[in-house]
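Student: What follows is each chain in one-letter form.
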Amino acid sequence: MTCDELKALVMEYALGVLEPAQQAACDAHLAGAAHDGCLEALRAARAAVALIPHALPPEAPRPATWAAIEHAIDAPTPARRRRPWVAAAGWLVAAAAMVAVIALWRDRAQRVADAQVQQAAIAMLQRPDARLVTLTSPTGGDARATLIYRPDDPRVYLIGNGLRPPPGKRLQLWAVRGERQIPEGTLRADAAGAVGTGEIAAIRDGQAIDAFGVTVEPIGGGGDAHGPVMLYGKR
Amino acid sequence: VSSVFSFLLAALVPVRRREQDDCDALVERVAAHDRAALRALYDALGGHALAIARRVLGSHGDAEEVVQDTFVEIWRRAATFDRRRGTGRAWALSIARYRAIDRVRERAAASRLIDRVSAVGDAAEPPSPIAEVSERELRARVTAALAALSADERGALELAYYEGLSHSEISRRLAAPLGTIKTRLRAAMAKLSSLLDHGDAP
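From first to last, the protein sequence lines stand for chains A and B. Residue 221 in this note's numbering is what sits at position 221 of the first sequence, and the numbering runs on without skipping anything. Residue 74 in this note's numbering is what sits at position 74 of the second sequence, and the numbering runs on without skipping anything.
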């Protein structure tokens, strides 16, 4: 891409409407060192795009919003964990098969309990202060879930797939804060492994949480040692 | 004649230096972890960030939380700001814009998951009342510039800005040819840019 080509597209680039390949070509050109007026055109284009919301009447944020910002910036900046969680998710396939078997045999009581969890998850999702975090398998496995939580409420819900532990194991929730990994409650999922729930006390306690995780632990095991990471996602 | 000319020029040039807060310098001070600068930036742009978030989210979330996340992100990422590549105002407001758009997309993804499990009711909530107004003049001029666009141009521009759609996505949404959408957006942006032609960028 030449400087002239960039300048021909710069307004649409700043607005964000280019298709991914074109956007990437512009990114690559702008990452270069030498330019013939590109940066000036980019600055002007971004300023023009920033005018668009000025047609909306500004609204004064609540005082609590500034207080929350100050609280958040006083918390330690999230640092990369030195040692990535050791992960081994080979059992996921077995878990998925297990889920299918369990789904065939679940009884009425289980179905009622499942429906209650599903409804509670939906109820939380519909609250305006609900927050969502996408959790994925750090090893590239198929497990994927959306974690729903809200401030001051320790309950969390996960909606996704493969949320059942393998036989003899349980799923443990974790809150990650900076370098610290805080063990939280057990994740209890419905028979299909599609909706799960548990408690994370760190949310209720107002602690700044940088990420959430789910690990596979032996039943009855505890303490800080933890098993393979099944799901992980940053806030 | 020259005084008439300068009067006209003053009337036609909406974004003049005197009206600008120096957001470039504020963001650079935030990069040095100057909390007073963050507060000044918040006072200048917090209301706009909230308006953007409310417009993007509609009834689908807490706009105040987007403002909170935006300014925490500004605090953490200010060192990446480069005034040669954009104004401080544009940089900060684009964070609010994309934070809000991301939240709508996350929520839509979760809703699709939930739809599989159960029927979901509509959780519409009335928007909050409009609060304090500032920068009236700039708003009046931008509003006038947007009003001068054709309805088609404005519709395409709003889908681009508030929903973060690409050319082809807007084309599908509006059932209009891709070339037409590109033409509309270029015309709309050219008219907006003309607001800035005689002043330094805000």
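There could be a bad hint or two in this list.
[Unchecked claim] SDA-like cross-link-like pairs, simulated, lysine to any residue; straight-line CA separation at most 20 Å: (1) A:K234 - B:S194; (2) A:K7 - B:A108; (3) B:K182 - B:E163; (4) A:K7 - B:E163; (5) A:K234 - B:A108.
Hints listed in this document are in silico derivations from the structure and should not be mistaken for laboratory results.
Student: Each hint needs a verdict: does it hold in this structure or not?
Tutor: Now for the hints, and whether the structure bears them out:
1. A:K234 - B:S194: Judged against 20 Å, a Cα distance of about 41 Å means the pair is violated.
2. A:K7 - B:A108: violated, 35 Å
3. B:K182 - B:E163: Holds, at about 16 Å.
4. A:K7 - B:E163: violated, 24 Å
5. A:K234 - B:A108: It holds: about 19 Å lies between the C-alpha atoms, which stays within 20 Å.
The structure shown violates the earlier hints numbered 1, 2, 4.
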